[in-house]
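Enquirer: Make the full structure from the sequences, and use the hints.
Line by line, the protein sequences give chains A and B. Note that the first sequence covers residues 1 to 593 in UniProt numbering. Note that the second sequence covers residues 1 to 593 in UniProt numbering.
It should be emphasised that the hints constitute simulated quantities derived from the structure, not laboratory data. In this text the structure is predicted, and so the values were computed from the model without any measurement. Please note that the accuracy of each hint is not assured.
No farther apart than 30 Å at their CA atoms in a straight line, the calculated lysine-lysine pairs in the DSS-like style are these [to be verified]:
#1 LYS280(B) - LYS180(B)
#2 LYS331(B) - LYS575(A)
#3 LYS458(B) - LYS331(A)
#4 LYS575(B) - LYS542(A)
#5 LYS458(A) - LYS280(B)
Which residues of chain B face chain A? A few of them, derived with a C-beta cut under 8 Å, are [what the hints assert, rightly or not]:
#6 ASN5
#7 GLY89
#8 VAL237
#9 GLY252
#10 SER253
#11 SER339
#12 ILE422
#13 PHE584
Derived CB-CB ranges, DEER-like [stated by the list, open to error]:
#14 ASP240(A) - LYS67(B): 37 to 43 Å
#15 LYS23(B) - PHE484(A): 53 to 59 Å
#16 ILE3(A) - SER583(B): 52 to 58 Å
#17 SER253(B) - GLU44(A): 39 to 45 Å
#18 GLN508(A) - PRO56(B): 47 to 53 Å
#19 GLN508(A) - GLU505(B): 47 to 53 Å
#20 GLN144(B) - ASP587(A): 26 to 32 Å
#21 GLU145(A) - ASP334(B): 41 to 47 Å
#22 SER253(B) - ASP204(A): 30 to 36 Å
#23 ALA272(A) - ILE3(B): 35 to 41 Å
#24 HIS169(A) - SER253(B): 42 to 48 Å
No residue lacks a Cβ here, since even glycine has one placed at the ideal position from N, Cα and C.
There are 2 protein chains.
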Amino acid sequence: MPIYNAPLADMKFILNDVFQAEKFWQKNENLAHLDAATAEAILEEMAKFSQNVTLPLNRTGDEEGAKYDNGTVTTPAGFKAAFQQYAEGGWIGLGADAEWGGQEMPKMLTVLSDEMLFATNPSFMLYPLLSVGAGMALNSYASQEQKETYLPKIYTGEWAGTMCLTEPHAGTDLGIIKTKAEPNNDGSYNITGTKIFITGGDHDLTENIIHLVLAKTPNAPAGSRGISLFIVPKFLVNEDGSLGERNPVNPGSIEHKMGIKASATCVMNFDAAKGFLVGKENEGLAAMFVMMNYERLSMGIQGLGASEFAYQNAAQYATDRIQGRSVTGAKSPDKVADSILVHGDVRRMLLNARANNEASRAFAVYVGQQLDITKFSTDPEAIKAANNRVALLTPIAKAYLTDTAFQAVLDAQMCFGGHGYIREWGMEQCIRDLRIAQIYEGTNGVQSQDLIGRKTIKCEGEFLAEYISEIRDFTNSLDAELNFIKDATLDAATEVESVTKYILEATQENPEFPNSAAVDYLHVVGLLSFAYMFARIANAAKEKEGDFYQNKIALAGYFVQRILPELSVRITKVKAGSEVIMSFSEDYFTHQS
Amino acid sequence: MPIYNAPLADMKFILNDVFQAEKFWQKNENLAHLDAATAEAILEEMAKFSQNVTLPLNRTGDEEGAKYDNGTVTTPAGFKAAFQQYAEGGWIGLGADAEWGGQEMPKMLTVLSDEMLFATNPSFMLYPLLSVGAGMALNSYASQEQKETYLPKIYTGEWAGTMCLTEPHAGTDLGIIKTKAEPNNDGSYNITGTKIFITGGDHDLTENIIHLVLAKTPNAPAGSRGISLFIVPKFLVNEDGSLGERNPVNPGSIEHKMGIKASATCVMNFDAAKGFLVGKENEGLAAMFVMMNYERLSMGIQGLGASEFAYQNAAQYATDRIQGRSVTGAKSPDKVADSILVHGDVRRMLLNARANNEASRAFAVYVGQQLDITKFSTDPEAIKAANNRVALLTPIAKAYLTDTAFQAVLDAQMCFGGHGYIREWGMEQCIRDLRIAQIYEGTNGVQSQDLIGRKTIKCEGEFLAEYISEIRDFTNSLDAELNFIKDATLDAATEVESVTKYILEATQENPEFPNSAAVDYLHVVGLLSFAYMFARIANAAKEKEGDFYQNKIALAGYFVQRILPELSVRITKVKAGSEVIMSFSEDYFTHQS
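Expert: Here's what the structure looks like:
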């Protein structure tokens, strides 16, 4: 059976040494209730839960899958008990406001607890994740009465949440959705339409499910400015909070997917289901984006979790598997062969994964800290700066972390040879489960368009300039013994600045330029971000003694020599422009002659 | 249902225009029976078979899978009838000698017919593929009597073949296998041991299965010099050719795999099964490598087939799916949105796939032609040169074609967004099915070690120097209007020459250098090879008129601008050396602190 040991030592290093979290929390009155010891205790509890409860359900969940039968969805054996245990532990409301029963933990911490769940059972994790996302959207946009009705039950895990956006003909382009919301006399609406790809659209984990649904009211403006957000509960809620009549919102089927098979992905049919407007008419997309941004960071964490899980298993397998001999002479002469760890190519795959994992973990905590500033700070300047940073880095967190993680799980599978391709070692499931993270919540291509368009060109590079300014300030302060990462990071910053200027100019002449350059540009900013993370990691490690810390600095060296060089080819591709890409006729693509 | 239109126009272009196959065949007395019209007719027949017979069985085969029950393996519904139809069409012996009932078609042609089968049903294709591989090994090393007994029945499809190499503890390192062969008085041997990952180890497609088994005789030398090859038939064959008693070789189970689920991958137990030595004792590995090299080129074709299939489906989906608007204004103002082909990033993914497909197809035919020279030529000089070329390029054909294809199928899936992740569009199966091609028949990492070690360092770069000399001769002859590909190819050749020299020198000082550099070096030589193929494609297209040919030249331009730049980062990584990789202790990999 696959192994997983929660990387607590690394998590504590990132929190305590790299980001000095306790100091940050204590400085902020809204977070002063938290100290490092409490944070560590929370991580240790989640380590136990993920290792003992969700990990053993991962393969069985995949094999059994969520099941649809006659209008009802059933989760695999053990999921309901695990969900109840998770809910009873207070985990669903870990980051939620105390007013609604939450524990008010900062995102810096919850990203780490989320990582362990994603590592051990991504299908399971998606159920509470959607609840938390729905809770966030309600917390930001719903009325006080709506919050009182729904939020406490969501955080206790009695009810769950979903987000219902996609329709058969409308995914990325939500402006063309067809689901209708017709007003009733009592202020409610009748919601009619079909939504697809609804994670947790139906299941047996909770007594009620609160759907957040995008729909169009009569005479709403065309496009994305005419979309409203509605609460559509599976069971209507009586005034006393008890469950009332069954609302006509039903799963029509579940999808048969490549992976995350224990997560029920539903087609949801709304047949004049009663819905309640959240916020104002036609302003639904903004409310949904609160949830989307939260999910997008989480998808990056899904990548990190999977990659850490895959790394640990591949490293163990490579240690145990003996095959061939070291070129410098037998390392285990008492055995018929050496461990495959003597081969540089096996190490290369493992070190790529480990370097990306450690940088990803630091980056997730960094973005979490920025989100915490936007939520908990009392300084308007700091909040504004952090909002810009979050806007810039959310697409990186979603797409770059999942792109690097997917390569890492592929490499981990490769370390197993043929054994990686069969079910028992868990690698093939890990790949199938992770692949969706590059696709859903806006494909990584769409994330890249967001980064280059709304987050860069629209503000004329301001968000990036602010980020690079911080990177330079920090990196310039590094000691001379860290020159290898200092120089590499500063050089990368200059190159990123320069290619961004190039993009801004090229776009003025050719509006098609950015779309073709987007994915490569996202990797450019991702590489710089990981260099910055390694600068921070190396700086923190340098203060300490022992192999653990020395290895952090060595891994930063590996990153500089073997991963950061990707920057130049990405920049070359950005500059290659869109001419050749757009020069082919549309017909060309489907015609061979 | 997924579509597939055999790319006949491109295949004919590659055969007739790029490689002028008929001229090559007619020049060679052993191939003079073949002309272009016959070759095209064969391709057209296979196009029908693959589109009408194997394509419809692809998804059902995946869903049903091969089944093991009480010592017997059953293939999915329809497979047996399809196999019979395939066998009756004479396809199994398409490339085999006439003496044994084959059609003596050259590899240049069979790679193209293989591509169509791999595109439409890789699981199906593996059954005849193993038969053909076993036939080749027997044809090269078996006695006349053995050939007479087994080869005709294999090529009619009455019997099938397997290769039994891997054991639970021994995959890449065959020197440590434990299967024993104990001599009997009648000249036969008793074979005892367990083999795993045996493709087609048991099935219901044929009345007999001829296993080729690696085993060790008593007192055989240790390591790979003590391995012998045996024929172990499922049913022993009587002197009159009829089937005799059941040999104690049985499937113990079948593997549950990520993909190619309709291909039975068996654990095979040999319990003193009667075996017959092929060739000489202790020389089994050489005989098996005849088969392995054949399979390795085929795995590259598996990549090409999958990538062409994925490309066609993604291009069609991208044409049909409307979502968002072109940045330069609506292209389909009568619809609610434009086709996603207006987005540069979607085109980038499709063009990457198409460029790699067209170069891969040319490369497969090129390597096929070299194999044909080794087999059919009467000129010893030409045979020696072709043998060197095949040795050099086999690892590229296996690993580079599958690496680029795997990226292409991932990109194709991404073009579908969430629809790519669900079963109905066929993309997720394509990915699962293709992934094994990077792993089996020697992982792509092992192929890279083969390229850099045995094929480059061992001959001090001679094979590569010969190849580059041919590339320079050809490319220098290009017209000035093709300077864009001429210059790019010549520059690449110089860079590859230079980094190869670097490797030869670095290895003298540090024997661990090549292992760490191998995968990047394989991509270096792969990129040069594709540049060379595009030089040949562009040169052939330039002579012709019409969009089909103009687009070939445009695609060569795309390759130069957007794919070939990978060369520089690969070279940087090669030169990064092994120091940092080998600097970590073995303990580091499995320890977090």
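Enquirer: Determine for every hint whether it applies to the structure shown.
Expert: Results for each hint:
1. LYS280(B) - LYS180(B): 16 Å, holds
2. LYS331(B) - LYS575(A): 26 Å, holds
3. LYS458(B) - LYS331(A): 23 Å, holds
4. LYS575(B) - LYS542(A): It holds: about 28 Å lies between the C-alpha atoms, which stays within 30 Å.
5. LYS458(A) - LYS280(B): 73 Å, violated
6. ASN5: At 7 Å from the nearest chain A Cβ, ASN5(B) passes the 8 Å test, so the hint holds.
7. GLY89: 24 Å, violated
8. VAL237: 31 Å, violated
9. GLY252: 14 Å, violated
10. SER253: 11 Å, violated
11. SER339: 7 Å, holds
12. ILE422: Check passed: Cβ of ILE422(B) comes within 5 Å of chain A, closer than 8 Å.
13. PHE584: It holds, given that the least Cβ distance between PHE584(B) and chain A is near 7 Å, below 8 Å.
14. ASP240(A) - LYS67(B): 37 to 43 Å: 55 Å, violated
15. LYS23(B) - PHE484(A): 53 to 59 Å: Roughly 57 Å apart at Cβ, these two residues keep to the hinted range, so it holds.
16. ILE3(A) - SER583(B): 52 to 58 Å: 26 Å, violated
17. SER253(B) - GLU44(A): 39 to 45 Å: 40 Å, holds
18. GLN508(A) - PRO56(B): 47 to 53 Å: With Cβ atoms ~52 Å apart, the hint holds.
19. GLN508(A) - GLU505(B): 47 to 53 Å: Because 48 Å falls inside the window, the suggested range holds.
20. GLN144(B) - ASP587(A): 26 to 32 Å: 57 Å, violated
21. GLU145(A) - ASP334(B): 41 to 47 Å: 45 Å, holds
22. SER253(B) - ASP204(A): 30 to 36 Å: Since SER253(B) and ASP204(A) have Cβ atoms about 34 Å apart, the given range 30 to 36 Å holds.
23. ALA272(A) - ILE3(B): 35 to 41 Å: At 38 Å between Cβs, range holds.
24. HIS169(A) - SER253(B): 42 to 48 Å: 45 Å, holds
Violated hints, listed in ascending order, are 5, 7, 8, 9, 10, 14, 16 and 20; each of the other numbered hints is respected by the structure.
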